Every structure is written in C-alpha cells, then in structure tokens.
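A.B. asks: Here is what each chain is made of, one letter per residue.
Number of protein chains: 4
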Amino acid sequence: MGKISVGIVGATGYTGLELARILGGHPAVSIAFATSESYAGRCLSAVHPAAPSLPLVALEGAPLAEADVVFLCLPHAESALVAAEALAMGVRVVDLSADFRLKDAAVYRAWYGLEHPAPDLLQEAAYGLTEFARPHLPAARLVTNPGCYPTSILLALQPLLAVGAANGTIIADSKSGVSGAGRTPKQETHFVEVADNFSPYSIGRSHRHLPEIEQQMRCWNPDSPQLIFSPHLLPVPRGILSTIYMPLKGSWNESRLYDLYQEQYQSEPFVQVLEPGKLPSLAHVNYTNKCVIGLVVAGETAVLTAAIDNLGKGAAGQAVQNMNVMFGIEEIVGLIG
Amino acid sequence: MGKISVGIVGATGYTGLELARILGGHPAVSIAFATSESYAGRCLSAVHPAAPSLPLVALEGAPLAEADVVFLCLPHAESALVAAEALAMGVRVVDLSADFRLKDAAVYRAWYGLEHPAPDLLQEAAYGLTEFARPHLPAARLVTNPGCYPTSILLALQPLLAVGAANGTIIADSKSGVSGAGRTPKQETHFVEVADNFSPYSIGRSHRHLPEIEQQMRCWNPDSPQLIFSPHLLPVPRGILSTIYMPLKGSWNESRLYDLYQEQYQSEPFVQVLEPGKLPSLAHVNYTNKCVIGLVVAGETAVLTAAIDNLGKGAAGQAVQNMNVMFGIEEIVGLIG
Amino acid sequence: MGKISVGIVGATGYTGLELARILGGHPAVSIAFATSESYAGRCLSAVHPAAPSLPLVALEGAPLAEADVVFLCLPHAESALVAAEALAMGVRVVDLSADFRLKDAAVYRAWYGLEHPAPDLLQEAAYGLTEFARPHLPAARLVTNPGCYPTSILLALQPLLAVGAANGTIIADSKSGVSGAGRTPKQETHFVEVADNFSPYSIGRSHRHLPEIEQQMRCWNPDSPQLIFSPHLLPVPRGILSTIYMPLKGSWNESRLYDLYQEQYQSEPFVQVLEPGKLPSLAHVNYTNKCVIGLVVAGETAVLTAAIDNLGKGAAGQAVQNMNVMFGIEEIVGLIG
Amino acid sequence: MGKISVGIVGATGYTGLELARILGGHPAVSIAFATSESYAGRCLSAVHPAAPSLPLVALEGAPLAEADVVFLCLPHAESALVAAEALAMGVRVVDLSADFRLKDAAVYRAWYGLEHPAPDLLQEAAYGLTEFARPHLPAARLVTNPGCYPTSILLALQPLLAVGAANGTIIADSKSGVSGAGRTPKQETHFVEVADNFSPYSIGRSHRHLPEIEQQMRCWNPDSPQLIFSPHLLPVPRGILSTIYMPLKGSWNESRLYDLYQEQYQSEPFVQVLEPGKLPSLAHVNYTNKCVIGLVVAGETAVLTAAIDNLGKGAAGQAVQNMNVMFGIEEIVGLIG
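Protein chains in written order, with this note's numbering: chain A, 1 to 337; chain B, 1 to 337; chain C, 1 to 337; chain D, 1 to 337.
In case anyone wonders, no lab produced these hints; they're calculated from the structure. Keep in mind that the hints are not guaranteed to be accurate.
Identical chains share a label here; the pair holds if one copy fits it or two copies do between them.
[Claimed, not checked] SDA-like, lysine to any residue: derived pairs with alpha carbons at most 25 Å apart: (1) K3 - A110; (2) K278 - P211; (3) K278 - Q187; (4) K249 - W220; (5) K249 - E66; (6) K278 - H207; (7) K249 - E124; (8) K3 - L54; (9) K278 - P55; (10) K249 - G24; (11) K3 - R256; (12) K249 - G299; (13) K186 - D120; (14) K3 - D68; (15) K278 - R21.
Predicted, not measured: the structure shown is a model, and the values here were computed from it.
Input sequences plus hints: build the corresponding full structure.
C.D. replies: Shown next as structure tokens:
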C-alpha cells in the first residue's frame, strides 16, 4: 500500500508544529504540504528550531486535492469553511478546531457568538475520542478532534457515567500548560506574567469546552448530571491534569473502581489506569499520546485524576491516532504509548 | 515602649528564613537569637544569600528566657517540647508547627502516629487565624499558627459557613508551591522532578491538614459538612491557590455573595475580596501577607478561589500578624498588605 | 522638608511598575501622577495585580509642572522629547531610556538609526551610575540612568580599569531575565518559547549597550581595551548575571584583587564584594538594589562575576538611588540593600 | 544479524534513564538487564513514570557475561572496577563516568584525589567523541564517553584548533541544565533553590572537565592554548549552551569561518553548523542527539556558540551513537538528528 498523503493546514501554531513532528516520523505517511499565511515561502524550521524542514505554502496555493486527508489547525469559523472545501474535493478531514464538536448549530451560536459556517456538516462529523469512536472512523469523511480539556475529563468519566453511578453535580478542576493558549503572543502568555504564577480562568460554567463535555456525557448517559468546569493556567509549556469529583450512587471502594476502569481500558494502548494509591502527573504523559488515570474514593465521592499531554492525546497525537484508524493502519503507529 | 525581643527557633528552613526577613525589617522588634542545629556557629546569610546576617546558635545555647516571644519552626513533636519549656520560663510562644493545631490528643495520635508530647497545653493554645482570633491573642501565652492550606481554605469558607449556607460535601482543590514541602532535599523536590511537572498527592481525605480544617469549620458551624481536600504540587517556589466548591442552600448569586464577603472582610487589612468576574492568582499575593478571594456562582454551587503566599499569610507573615496583636502593636506593622 | 513630588511617565512597563512599587513605599516621596497611553483612565492595579492603586492619566493630561522630578520610562526617541519639555518647565528628569546615555549624537545615530531628538542636552546629562556620579547629581537637572547590562559590567570592571590592569580585549558574557525585554508581548517572550530554553542574541559587538559600556570605560581609562559583549536570555522573570574576563597586566591573585575591590566598595551600601571562593547568583540580588561581585583569578585572567536585579539596581532601584542623591536624601531610603 | 544484547549498569540516574529510553526504542538492541542497588527487585517505571517497565537487578546478580556491551552509569572509581570486570569476561564497555577520560593516572589522581582503580586500561580506552573517533570504535573494547561540557566545547573548537588559528587563551562560558548535576537530591538542586536563580560554579580553572578538554585540544594541536572554563547552573531540566571565545590568528570573517566548519561537519548527521547571523539555543537540541553550532566574528575573536542536550549528545545519545559505530550499525539508528 502506498503512503497516506497528508496536508497540514495551519502548521505554525503549537498544534500544527506537533503534527508536523509526529507525521514527519510516521512511517506510513507522506506530507504533501503544510500551510501558513504569515510564513508562506519559508520553511517550518524557521518558525521553530526543532521543527522539520517543511516548505510552507499559503493555503490558496496548497495542492489540497492531492491529499488523502488534511489536518485543520485553524481558528474556529475559518476551519469549517476549509473543511467544506476539502470534502467537496473528496479529501478527508480531521479538524482540530472547535467547529464540528457541537452537534447543534444553536449551541454553537450561543457559545461562539456567530452563525455556524457549515451547519450541514455538523451531523456527519464523527467525534474523534478515538477509544469510543472506532466503529465510525473507517468510513468517516470528517472527524472532529476533541478539545484538550474534554479528552482528559471524558476518558476519566466514561466508565462511571456509563454504569449510571453519578449522583449529582460533577466537578472538573483542570490545570493546563501554556501551549493550550496558542502561539500568538498575548499579555497573559508573556513569560514574565506566567512564570511563578498560577491562575484560574473561565471557571464555573463559562468555558467553551463545557458544552462539548456535557454533550458527550449525555451520549453515554442521558441522565448525566451537570458539570462544573474550572480551568487553570499552569506555568509549564505543556500537559493537562484534571482532578474530577463525582458523587457516587451505590457502594464503591477503590478496588471496585479499579476493576471497572480496568475492564474498560486494560486493552487500550493509550489509556493507563493506575492501581489504587497511585496518582498521575504530567511527567507520566508529556511527549506521549497517553492518558493516565488515577482513582481515589473519599467518602461517597470518586476523585478521579487524569493526565494527558495537551498537544499529544489532547490534540495532534489523538488526531494521528484517529487517522490511523480511518485508514486501517495499526492504531499505535507513529505514536508513543 | 521598648522593642519586642523575639527568638526564632529553627531559622534555616523556609519558614524560619521568611520570619528572619520579615522580623529583620520590623520596626518594633529586636531579634534576640536565631537557632539552628546544623548551622550553629555560622551566620544565616551562609544558609541563603538573601538572608540577614544573623548569628546562629544551637537551641541549647540560646538565651530563651531573654525573649518576650519565640517563634517555633520545628518539626512536629519537637516543637511541643520547646513550647512547654519556653512557657515554663514565662516566654510567650507562636508555634508554626502542627503540634497545637488539633485540640484533641486522640486525633493528633491518629494523624501523626504518636502520643502528643504536651497534651496539657492543647486547650490553652489559641488558633491564630488572626482575623478570627483577635479577642484571644492579647492574653494568649501560646498561639498555634494555622497551616498554609487551612489558612487559604478557611478564610474563603467562613462567611458562607457561618450563615449556614453549605448544603453538602465541600471540595477544596488546592495547589501549592514547593517551599511548602520544606527545605530538606528530597527526590520529589529535586528541580528536575518538579520542573515542567504538576502532581496531585494525598488527595481525598488523607492529608494531615484535613482534620485541622474540619475542626475549625465546626467551630464556626457545628453542622458543617464533610470536606474533601486535594493538594497538588505546583512548579513554583511559593504561593497557594485553593479552588473551593460549596453546594449552596438557598438562592445565591455573585452579587449577594459579594455583599456577604464584603461585610465580613471589607475592613480587614490583609483580606481582599475581588468583585464578581475577577479571579485571584499567585501574582496577587506572593511576597505579601494578603489573602485574595474570588467569588463565582455556578448553578447551585459556590466556586470560591483564594490565593495566599504560603510563606506569608500561610506561615511567617501570619505569625508576625499574630505577634502584632499579641503585643498591642498596630496589626499591619512590618507586613505588606 | 516637604515630600518630593514625583511623576512616572510610562508606568505600565516593567520598569514603570517597579518604580511605582518602590516609590509607593518611599517615605520621602509623594507620587503626583503616573502616565499611560493605553490604560489612561484606569488604575495601575488593573495592569498588574500587585501594583499600587495609582490612577493612570495620559501624558498630555499629566500635571508635569507640579512634579519636582519625573522618571521617564518611554521608548527611545520619545523619551528625549518629554525630557526636553519637562526641563523647560523646570522639572528635573531621571531618564530610564537610552536617549541620553551616549554623549555623541553621531554614535547615537549609528546605533539607533535616527537623528537624536534633543542633541543639545547630551552633554548636560549626568550618567547616573550612582557610585561614580555622586558629585554631579545634587546639581543635575537631567540624569540618564544606565542600562541594566552596563550597570552590572561597569561596576565589576571599574577598579581594575582604573588602575590600568587591563591587558587586552575584555569579554562580558551576560545573562538576563525576561523582564529586560519589556512587557509588550512578542513571539520571543511567549512563555512557551522561553521556558526550558536559553538563547544567546546580539553577541559580539552588535548590542546597543556596547557603545554605552565602552564610553564609560574610556572615561575611567582612556586606554581601555575593546569589549566583546554577549547577552543571553535566561528563563527567569528577573535578574542579570555577567561573567567577565579581563586579561591582566602585572601580577594578581585573588587576595590582591579582593583588597582592590574592597578599597573601592567597602563603604558602598549597595555594592557587595564577596570573599575569594564565593560567587554571586541571582538569589543574592533579586528584589534588592544590590550589586554583588565575585572575584576569581585564572592564570593571567580575572574572571569577574556580577549580579544585579535588572529591574532594581539595573533600572528602577538605581533611578531612586539617583533621586535620593539629587535631592539630598540619605541614599538608602526606600531601597533594599 | 541478531540483536545487540546490552546491559545498563546504574539505570536509575538521569543518564541511565535516558539510555533506557533510547535503547528501549532502538530496533537493533535487546536490553539484557538494567541494574540498580537501591531499586533492585522493582521496575524502572517505579523510578520515573515515563521510563520503560524494565526489571531492575542488583549488579552482583546481573548476567554480565550475556551482554555484548554494557553501558556504565556509575560514580567515578566504581565505574573503572566494573569496566575491568566486564572486559575480563569479554564484554565490551561504554563507560559514561569520568574514569577513562584522562589518559594519565597522575592527572586523574590530581583532579579526583584518589589512585586510579584500573590504570592499565587508560591507554586502551577510546575517547568516544564519535565524530572524531570513528576509526577506533569498531575494534574498541573500551570506549570512554566524553563529558557533557567537553562535548559541546570540543565540537565547537576542533576546526579552528586543527588549522592552528587559536591565538591565546580560549574562554568557554558554559551553562547547563540541572540534570547534569545528577539525580541524588542535594540542597543546591532543590527546586526552590534553583528556580528563578542562575549561578556560576567552579569557574576559572577548577572544574574537573577542564583537563579532559585540554587533553583533547592537545591531541588536535599540540600548541593549543590554555582554556578558561566557567560552568553555570541554568534553571532548566536539560540542555547545555557553551559560548566560546577564541582569539584568532590571521584574517577571519564569518563567511570564511562558515566554510571551514561546513567542510568539517556538513556530512555529519548530528552536527549542524548555522549560517552566519543565526545562533543556537536549547530549543534546537533538547531531546535530540544534535550539536548545533553558531559562528560570530567580533574583531579578532571568534565567538562560537554550541548547544547540545546534556543527556543526549552529552551522554546517553552519544553513547548509543558510539555503540552503533562499534557494532557496525548505521550511525543514526535509534537517535534523533
């Protein structure tokens, strides 16, 4: 079989750079093109010294139709338009923006403040939390890659949600490295503002990842409770750790919890459930595609901890994992588990 | 009036160093002695380049009786013995260890695994969360300085607890800088292990600060619910931020919450309540004696955020604040608000 | 005597914020105004949570004439114009920009690529390396505050240069924290680009601080050799450490070097010479106005190390030290030595 | 051909962990054993969460004779004894300690303060700076892996030294991440002491890497000048950047320098020479086996900058590169260039 020809649209952000790094070492892939508006005509290694030497082209000059699949790392609203264009050419799409994560155009409008640019595609888009999306991926034309926070929270919640063990409001207290805020320089990502600091932001029910998470929770269990979601900015370049509190129905201890999670995840190449008494940290996951989950029971509450690399399993890694399944390649190829 | 003569027992840990720094600039204080077993005969500036040039003496050679008050920065169990000795000489004590925080010797035994060395003093010890301890401090012989995590959590909880608004299990998700783990080198505080990392530890109901917090919660409201407390290690030298989730009884919005907290704290020199929509961060508080509190309501849950400097309001700063009240000095003297 | 009325022009950069912090605690100063173009109408604490609550006004609305002295924290070229305006009103000026550091307008043109906006003031400006400027400051209308790198390098070089001990090209290998690059967000100061990284820039003879340093070297010794100056960006918020290599004429050992430096600096409140065998670090100086110097002799070469806080002795601290001397106040008032 | 059977002796330090990571992914290698005294009986992933799940055995229980080659990551003096033992069994050795770097037992005694434990092996040991050791490696029984600082400095110096361009004392001002100081917790590697700090140490002519560097300089040119070497501790986990100043004989500009370095290195897979005007940083090299070199001419002085990952090209990476050559495998296998 020939190599999969891929395009990276928006290669100079942190997600695009990570995709270039992973795909550059993927034995079944050939990179057809990588786009950038601001760096067109230059080389990706001019953007970041550790990046591969890919030539960068403007999107309008990119040979879109030559790709088997394009990865879109664009701002929301822009991404949907390019996705529609690529699909029209018969090119498959893995979209890393938020454009196709919400199924309902009205919800999109409410959270993003604008009309969805391609509402007709919303139902078709497969939600690419790979571990739960496998049946849909081989035939999918359009895969929407989950958000970084949602990936960490949903993988931790699924087993208990699915058995109906949730007994009231769930709290996800999440902490993310700065690459999650993008590569465009802003006051709040200036080194001097972030170093030695730690900041909550958009806590409660106000962050755009909230409806994405709740939508998927309801897919797994229509009676899922409400979520409170509190993101915080960590002074590290990468990594997410979510600490999740779920009130429990029924009688649970850590051993029973461990059995439930092992049943779900023990054959997963990228999800590792720690034995009771052990807790994950960013050191478990950074520069990998893994999600590592810790299990504690405190009184009637499960305290779940989940760590991922926001650029790995939280973005580029999971996108490649999805691509592998879409194209019938072994799921772990090109990824670190 | 003459200066207050103070002794610092255990001056070479981070808490002792911070006390030396604050007391060295305090206009109403003269430092009678500073002790260290491992550095006796040397100077505090040999321990840390920014420390004042205090000579260090071994505890057995320290002129304990010359001090009006001693600050104890010793490991638990050791501290209680020195406290008893100092009190017997008529010297007042501010103890920064955990020895006098728990009122019940049986609870101490359960959490610390040993008999309390001075159980007769437990009832006498005033719990020095200054904002709520003022009536007791001027006459107190023995003040027990609150733990760092408890200070951040209790100041945030008090107004809602006192009015009986808590409606079920409270969750405190806390994040602390590394100086909270002490100055003795350990694998888990090695720079390479902490940098770029973020780790939960002792989460649920297993950290020794839990019984201290719950004891004080019950002082304010005997019907206080259970607490789940999850500490995490932040890759920064100093600062604590606690994100606290309290299910609410009755009808609350952020405006009503703000009024309640302002009523409690608006005249406090070291507690700052942020307007709804604003959130605290470590940058608000580091190198100060402040506690800054943010207020969010999400559905039926209050999301309280509280930031302190763990070495300031969480340890040495609050100890000096307590000393100021004990000796009738204006409370803000020598401290940064 | 009444308080000195000061204005801060450009209060929202890191230098301006540090000035506000120091001057806000200075017992002999009252802050008449603080200016900002982008934040006019708001409060300085909206810019940084630890800043004092100063109202910010646009420069054109600032009561310039009411100040006894203004501190200018503006980009070069802008600063000279405001300086001229203030002086014309009889207001004294401490300029923290580069505009008056070079005595020769042609040199300014060569390094800054534009005509000097106020060349008539160049000769009058006193070069405010306080330890060597004291005779000129009480009468000075216009003081030009030295650059941060030059302060660290010049204080280390002066004693050996003055006795004519330099024997060939001097090398200054300097490392600076990120606040030295300003508060405006740029790609190269984005947290993710700086963290875990370390970068040389403008090394050799290409950084704008080079002519400033060489000019002052020639003031002390017309036969001063050439300088090679290599700045590097450190992943810390603040602090500069310069490691300086001077080939030596004559016979030197560390003891003789120490005597020479002690003779020059032992009565200085803000310059500390370490005994042979000890070396400075950023921990010696950050959040102070100190310069700490270490002395090593290796063969025929002196290896001098000098540490300062780039925002303290390297900018705002030294500016206040200069103000103290200008107005006949004790030099250490308001500063940490 | 069968896989190379390797043993890692001392697998739980940072160098051993990095070797385990690289060798675990090396397609031509099978790991026969990994040793640890303190963790024997446990698994390497218990030491570090990102490490592979290798069982750890005590050295005395390790099947030394089954390995084709052992990598020694032991303290000096211990290493030489194990090397002698392995060689006696016919097992080849790559020693990552300092034991075989100095050819002269008297020099070893002077710098390490003890008699060399296996002086008979000193002459045989091949100095494994791979780029210059290739002819000797295929037949070598014992390869001594260069120090981390020496690797960065020697690769930068070689082309100019070899053509006799050095004209007086060379200065190497080097900065290293904390993993270079080892994994054993010490006061000076405690997170709180290192964060926000930057410190010179052993500067001048007192660091143990100095004689190693000068010995190799003299191999390339017996008339090599003296070196002054100043290491500094950077607040990052990994990476070394050396800034090197060489006075030049003859007429040089950056273009001529670039030609000379390209001639030497352009076909090297792991040495990258940057075009004039570009400078290396840790971001160029971390997590790779690369050395990236920048070239500046300032007056009569070459300012060379060289970056490596101290655990990669500075230790484990180069050790594997040496192994590849020793066993006739393509040099880049298993390594990131």
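A.B. asks: Against this structure, judge whether each hint is valid.
C.D. replies: To see whether the hints hold, each was checked on the structure:
Taking the closest pair of Cα atoms, K3 and A110 never come within 25 Å of each other, the shortest separation being 41 Å inside a single copy and 55 Å across copies. Taking the shortest alpha-carbon separations for K278 and P211, only the inter-copy value of 23 Å comes in at or below 25 Å, while the best intra-copy value is 31 Å. Taking the shortest alpha-carbon separations for K278 and Q187, only the inter-copy value of 17 Å comes in at or below 25 Å, while the best intra-copy value is 37 Å. Only within a single protomer do K249 and W220 lie at most 25 Å apart by alpha-carbon distance; the minimum there is 17 Å, versus 30 Å between protomers.
For the identical chains of this complex, K249 and E66 are neighbours neither inside a copy (53 Å) nor across copies (55 Å), given an alpha-carbon limit of 25 Å. In this homomeric assembly, K278 and H207 come within 25 Å of each other (Cα to Cα) only across copies, at 15 Å, whereas the closest approach inside a single copy is 30 Å. For the homomeric pair K249 and E124, neither the shortest alpha-carbon distance inside one copy (35 Å) nor that between copies (43 Å) is at most 25 Å. In this homomeric assembly, K3 and L54 come within 25 Å of each other (Cα to Cα) only inside a single copy, at 17 Å, whereas the closest approach across copies is 34 Å.
Taking the shortest alpha-carbon separations for K278 and P55, only the inter-copy value of 19 Å comes in at or below 25 Å, while the best intra-copy value is 45 Å. Taking the shortest alpha-carbon separations for K249 and G24, neither the intra-copy value of 47 Å nor the inter-copy value of 44 Å comes in at or below 25 Å. Taking identical chains as interchangeable, the C-alpha atoms of K3 and R256 are never at most 25 Å apart, the minima being 45 Å within one chain and 43 Å between chains. Both within a single protomer and between protomers do K249 and G299 lie at most 25 Å apart by alpha-carbon distance, with minima of 11 Å and 21 Å respectively.
In this assembly of identical chains, the alpha carbons of K186 and D120 never lie at most 25 Å apart, being 34 Å within a copy and 39 Å across copies at closest. In this homomeric assembly, K3 and D68 come within 25 Å of each other (Cα to Cα) only inside a single copy, at 10 Å, whereas the closest approach across copies is 37 Å. Proximity of K278 to R21 under the C-alpha cut-off of 25 Å is restricted to the inter-copy arrangement: shortest distance 22 Å between copies versus 31 Å within a copy.
Hint compliance for this structure: hints 1, 5, 7, 10, 11 and 13 are not met, and every other hint is.
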